[in-house]
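**Q** Residue numbers (our numbering), protein chains in the order written: chain A, 3 to 362; chain B, 3 to 362.
If you are wondering where the hints come from, they were derived from the structure by calculation, not from laboratory data. One thing to keep in mind: the hints can contain errors.
As the list claims (entries may be wrong) - Derived lysine-lysine pairs resembling BS3-like cross-links, with alpha carbons at most 27 Å apart:
{"#": "1", "chain 1": "A", "residue 1": "Lys280", "chain 2": "B", "residue 2": "Lys302"}
{"#": "2", "chain 1": "A", "residue 1": "Lys345", "chain 2": "A", "residue 2": "Lys23"}
{"#": "3", "chain 1": "A", "residue 1": "Lys280", "chain 2": "B", "residue 2": "Lys345"}
{"#": "4", "chain 1": "B", "residue 1": "Lys302", "chain 2": "A", "residue 2": "Lys302"}
{"#": "5", "chain 1": "B", "residue 1": "Lys302", "chain 2": "B", "residue 2": "Lys23"}
{"#": "6", "chain 1": "B", "residue 1": "Lys280", "chain 2": "A", "residue 2": "Lys302"}
{"#": "7", "chain 1": "A", "residue 1": "Lys302", "chain 2": "A", "residue 2": "Lys280"}
{"#": "8", "chain 1": "A", "residue 1": "Lys23", "chain 2": "A", "residue 2": "Lys302"}
{"#": "9", "chain 1": "B", "residue 1": "Lys345", "chain 2": "B", "residue 2": "Lys23"}
{"#": "10", "chain 1": "B", "residue 1": "Lys280", "chain 2": "B", "residue 2": "Lys302"}
One letter stands for each residue in the lines below.
Protein chains: 2
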Amino acid sequence: MHDIPTPALVIDWEIVDRNIKRLAEYAAQHGIGVRPHTKTHKSVLIAQMQTQAGAVGLTVAKVGEAEVMADVHSDLLLAYPCVDAARCERVAELAHRTIPHVAIDSAHAAEALSTAAQRADSTIGILVDLDVGNGRTGVQTPLAARDLALHVETCPGLRLDGLMVYPGHIGKAIADQDAALAEVESTIAHTLKIWKRKKLAASIVSGGSTPTAFTSHLVPSLTEYRPGTYVYNDMNCVRGGFATLDDCAARIVCTVVSNAVPGQVIIDAGGKTLTYDKCGPAPDSGHGHVVEYSEAKITKLSEEHGQVDVTNCERAPEIGERVTIIPNHICPCVNLQDHIWIKVDETLKQMPVDARGMLV
Amino acid sequence: MHDIPTPALVIDWEIVDRNIKRLAEYAAQHGIGVRPHTKTHKSVLIAQMQTQAGAVGLTVAKVGEAEVMADVHSDLLLAYPCVDAARCERVAELAHRTIPHVAIDSAHAAEALSTAAQRADSTIGILVDLDVGNGRTGVQTPLAARDLALHVETCPGLRLDGLMVYPGHIGKAIADQDAALAEVESTIAHTLKIWKRKKLAASIVSGGSTPTAFTSHLVPSLTEYRPGTYVYNDMNCVRGGFATLDDCAARIVCTVVSNAVPGQVIIDAGGKTLTYDKCGPAPDSGHGHVVEYSEAKITKLSEEHGQVDVTNCERAPEIGERVTIIPNHICPCVNLQDHIWIKVDETLKQMPVDARGMLV
Chain A
3 MHDIPTPALV IDWEIVDRNI KRLAEYAAQH GIGVRPHTKT HKSVLIAQMQ TQAGAVGLTV
63 AKVGEAEVMA DVHSDLLLAY PCVDAARCER VAELAHRTIP HVAIDSAHAA EALSTAAQRA
123 DSTIGILVDL DVGNGRTGVQ TPLAARDLAL HVETCPGLRL DGLMVYPGHI GKAIADQDAA
183 LAEVESTIAH TLKIWKRKKL AASIVSGGST PTAFTSHLVP SLTEYRPGTY VYNDMNCVRG
243 GFATLDDCAA RIVCTVVSNA VPGQVIIDAG GKTLTYDKCG PAPDSGHGHV VEYSEAKITK
303 LSEEHGQVDV TNCERAPEIG ERVTIIPNHI CPCVNLQDHI WIKVDETLKQ MPVDARGMLV
Chain B
3 MHDIPTPALV IDWEIVDRNI KRLAEYAAQH GIGVRPHTKT HKSVLIAQMQ TQAGAVGLTV
63 AKVGEAEVMA DVHSDLLLAY PCVDAARCER VAELAHRTIP HVAIDSAHAA EALSTAAQRA
123 DSTIGILVDL DVGNGRTGVQ TPLAARDLAL HVETCPGLRL DGLMVYPGHI GKAIADQDAA
183 LAEVESTIAH TLKIWKRKKL AASIVSGGST PTAFTSHLVP SLTEYRPGTY VYNDMNCVRG
243 GFATLDDCAA RIVCTVVSNA VPGQVIIDAG GKTLTYDKCG PAPDSGHGHV VEYSEAKITK
303 LSEEHGQVDV TNCERAPEIG ERVTIIPNHI CPCVNLQDHI WIKVDETLKQ MPVDARGMLV
């Protein structure tokens, strides 16, 4: 631990294992499937652990990630609209060796995927992406969801599999999570009722986001859930009240490289390691939590420098000393590493970030 | 151009060439050496172009970058303190095939490098990092610079090469750039005078930052300059007044993947492509400039989604349409790509980002 080159992203295997099992147990108790979003870890090994814990499938954002995760699980949800020919062709190809489901919110996407599926002579499953208040993607009304589902049924090469929602707005800005989730349930239930009238199938109803993971039983229409961050957790989770510091499995070990400016030390982790992401629930809390110096604040990042204000610390870390950071948002940090370190008991070994940089 | 998978970082070769030549001409005119900071492009090919344009050496932040750039130029400045044994050993090893200079601001770094140099039986050049107001790294006074230089002279395996400054605070917050640069000159001149009294050598006096690149003649004590971003430029440069849109060589081609939410489109470039970096001179201007829709604003980034407000656009881009983004800060964007595309006339070819992810 004191010899690995820094900055190094170190995963505590015991915590990962505990995080995966805790959600698996919760989901089993409530009869809901877990389809972890692999964007957080981008790792074959972690996806295998999640699969062994009973995952019904895996979730990805990009086709490149799907191609990597196809070696782990045959049931894949691409929770991202595919509209261009190149991407659709790769999904259609993947359908020869996996069962892909793609979440879409436009007739354009349905047609592009249909064209590719027909050319590849394969079948692509479709979830209609319904916006339940997050305002990013998703058709805007239950009737629009029905109309898109009806359109999908007319497209050769596509199979309507159900509905996807992403309540990313809940648990951040909204104080009354339970009431907000009840509203999500009501929208989904209403949509499914309208679908039923048209004999539209919805074998999958997929929900997501780590902040609402352990309250997903409040949306009983969901058949499955696709959390990402829960596997590692980060300061967004801690300061949002969804995890404790002890639940944070991924930490960045840094070295103090300068203390020339009074009241400040420089760590060898800047924006190219920690990313410039602010903490959602506490934007003024700095760029991550310094575990050994909880009074320290990472005030500013350059690309390779982290400026740490240590004026409130009883003792400032010395040059050459190693400190450990829990980042604000772990997912983009993992994506900056070719390899990360796994800590099992007191031994460390390297693990590749298999789907790193899969932007397409 | 209309077939490459998106998001794709595309470099306009003509603009890169013009940017490199413009600075080389300015520097030649004022008798100052150029030592480009390769952190921006991390590319062997671009470093070769810079070398052909007369670069006196190359600058890197990390040892891994130095090992890549050693194939291009034998004279390398590591503008980053090395304090841990592993990193110092790699620098000492590099000294067998290159001339490395390392900028340091502590006796601790001098000793760590000296130990490594002695073990490897090599010599490492040292620049004393002097803070001229930026407040990140660098000894705080001319006298402290002298004392560190004197200490370096007592360390076996080290060779005192001179002084490094980084006026990163100028051109952003400070309105009167010329007066601020005059102050930098006065601090350096004073330091060199004190050094001279002790017969301390300063064959290199290195200045930096793209915003002050074309005013570096206002700091006549500088022997060389190490700008990074100038080669590509970005919205930080444009909105700071240091470049025009036409000077921006690196652009991200994206596809519109959703327009379900009224007044908004989603592009397939989020924080994992554009980074979460805000624009320094205009923090409220959004996450980059949409070239084809200058009234559009990238208001919010998820990892793979960019939310673009198009309410002020005469016409909104359609689903499947490609749009081009000039990012706020190009350096961390390049570091997210394994390959980027070079556009020469109307043909595109792939180029590796050779030193991508070299965090150590």
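**Q** If a hint holds in the structure, say so; if it does not, say that too.
**A** Structure-based check of all given hints:
1. Lys280(A) <-> Lys302(B): holds, 13 Å
2. Lys345(A) <-> Lys23(A): holds, 18 Å
3. Lys280(A) <-> Lys345(B): With Cα atoms ~34 Å apart, lysine 280(A) and lysine 345(B) exceed 27 Å; violated.
4. Lys302(B) <-> Lys302(A): With a Cα-Cα distance of about 21 Å, the restraint between lysine 302(B) and lysine 302(A) holds, given a limit of 27 Å.
5. Lys302(B) <-> Lys23(B): It is violated: about 36 Å lies between the C-alpha atoms, which goes past 27 Å.
6. Lys280(B) <-> Lys302(A): Holds, at roughly 13 Å.
7. Lys302(A) <-> Lys280(A): holds, 11 Å
8. Lys23(A) <-> Lys302(A): violated, 36 Å
9. Lys345(B) <-> Lys23(B): Status holds; Cα separation ~18 Å.
10. Lys280(B) <-> Lys302(B): Holds, because 11 Å separates the two Cα atoms, which is no more than 27 Å.
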